[in-house]
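Peer 1: Here is how the chains run, residue by residue.
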Amino acid sequence: MKGNQMAVPLNLWVNGDPVQSFVREDETLLDLLRDRLALTGTKHGCGEGQCGHCTVLLNGKAVNSCLTLALEAEGGRVLTIEGLAQGDHLHPVQKAFVEAGAIQCGYCTPGMVMAVYALLQENPHPSEEEIREGIKGVMCRCTGYYKIMEAVRRAAFEPEAK
Amino acid sequence: MKETSFIAARSVAEACRLLQEHPQSVPMAGGTDLLVLKNFKLISPRPIVYLKSIPGLSTVRPEKEGWVAIGALATLDEIVKHPSIRQGVPLLARAAAGVASPQIRNKATLGGNLCLNSRCWFYNRSPFWRAEFPHCRKASGGDKCYVMPKSRKGCFALQSGDTGGTLVALGAKLRLVSAASERVIDVEDFYLGDGIRYLDLKAGEILTEILLPPPGQAGAFVKFRPQDNMDFATFTLAVVPPVSGAGARIVLGCAASRPLRARGAEEMLDAGAPAEDVARKTAEEARLVSFVRGPVDFKKQVIAAKMADVLAGLKSQPR
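Protein chains in written order, with my numbering: chain A, 541 to 702; chain B, 3 to 321.
Think of the hints as simulated: they come from the structure by calculation, not from any bench.
Any given hint could be a false lead.
[What the hints assert, rightly or not] Reference listing, derived: stretches of chain B covered by chain A, where coverage requires no fewer than 3 residues with Cβ under 8 Å from a Cβ of chain A:
{"hint": "1", "segment": "28-38"}
{"hint": "2", "segment": "102-109"}
[Claimed, not checked] One-sided and incomplete, this derived list gives chain B residues near chain A with beta-carbon spacing under 7 Å:
{"hint": "3", "residue": "Gln229"}
{"hint": "4", "residue": "Met232"}
{"hint": "5", "residue": "Phe234"}
{"hint": "6", "residue": "Thr236"}
Built from N, CA and C at the ideal position, the CB exists for glycine as well.
Only chain A is shown next, with the shape it has when bound in the complex (with noise of 0.2 Å):
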């Protein structure tokens, strides 16, 4: 507990599972999700809302976790990446970024992989200019955007994917 800092009483559902925890008031969802929950495939990037690297799903929507307050959440339904495969079957989304090798040193995928899944969830048939619209969100310094956009083609074409 930092500071003086009270601790108080959350409750929301994560990837299905309601969740009770006590947080920080200041702490955020990404706080939570990594140090309290172990959920570490939400990665933290920048902190600032540049990379997107921290992408969640909150209530539906595409979200930056590490500008998001826990306590924000309360009450809400969020879907990190754990939340996608179902056991060791993978999501169409995650299927696509492996099969076009939209991955390289892999530390954008999370919140790339989840972007992905917004973006198709709202538009399953995205045009070009949308998926680069979708996309701009999540900072990816290795591969050069070509192999996830062709992911996400992919993935747009993948029945179960939405």
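Since chain A is already given, all that's left is putting chain B on it; use the hints.
Peer 2: Just chain B now, kept in the frame of chain A:
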């Protein structure tokens, strides 16, 4: 003593009361600007008064005489996707769509974008970076300005919300509510033109609604940034053409501490002056600061070029 650093307000009245009672409190809507400033130790809100917990402040509803009221807590994503805003006020939808990334637009609100803290090359930095530039007027209440070293007072940090200039061009108004009173002001008057005291928002007052006049002509919006990536604007340009020789608006946003109306150029546009003269005049009369997001000469050249493009586009637009 344990102190509370976060309170979720349940009503506008409660939020106003909390903001009034706690002098160091800061209201938070989407938090996409506020939490970054807090991480950089530029603000230390005690407490954060959370506004998104107030019900009913994100709806779009018709007002009398064709005006439309948008709740200040409507997210930018909601603004972009709202059918009546897309059709009736495409300028606003385009300005909202240009803000940052989908992740940010899902959280950031229209009210928050209007109230966005002013930004500066020397202010929006980590504490380590800022340690090399002490005594900045905005960051540490000192007596220096690194942007305008010869200035004796004032701060030149830039108004940075993309929707600000657009709403000035549209002639929108804002409803500001406090515990004791309520007032409606023009968006133009909301910005005071100083980087430190940049908004006409009194202690305990919050922005609850954005009021848009009846849809007129479509107009044009341009957001210029060096690369078409996720970045703040070097400037925004919002242009509403005249109706039968009157009422043109040309507004430069994000280029100074307040949105700048190019009044001379507006008059020329009303009078039907040649496009290139209007474009040149728009750039000429803009009072800009150098250094922040590029030197003045560069910005003026791009403004004139973009303005010429906009006017050419408007000419071909169906009336």
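Peer 1: Checking against the hints above, which ones are violated?
Peer 2: 3, 5 and 6
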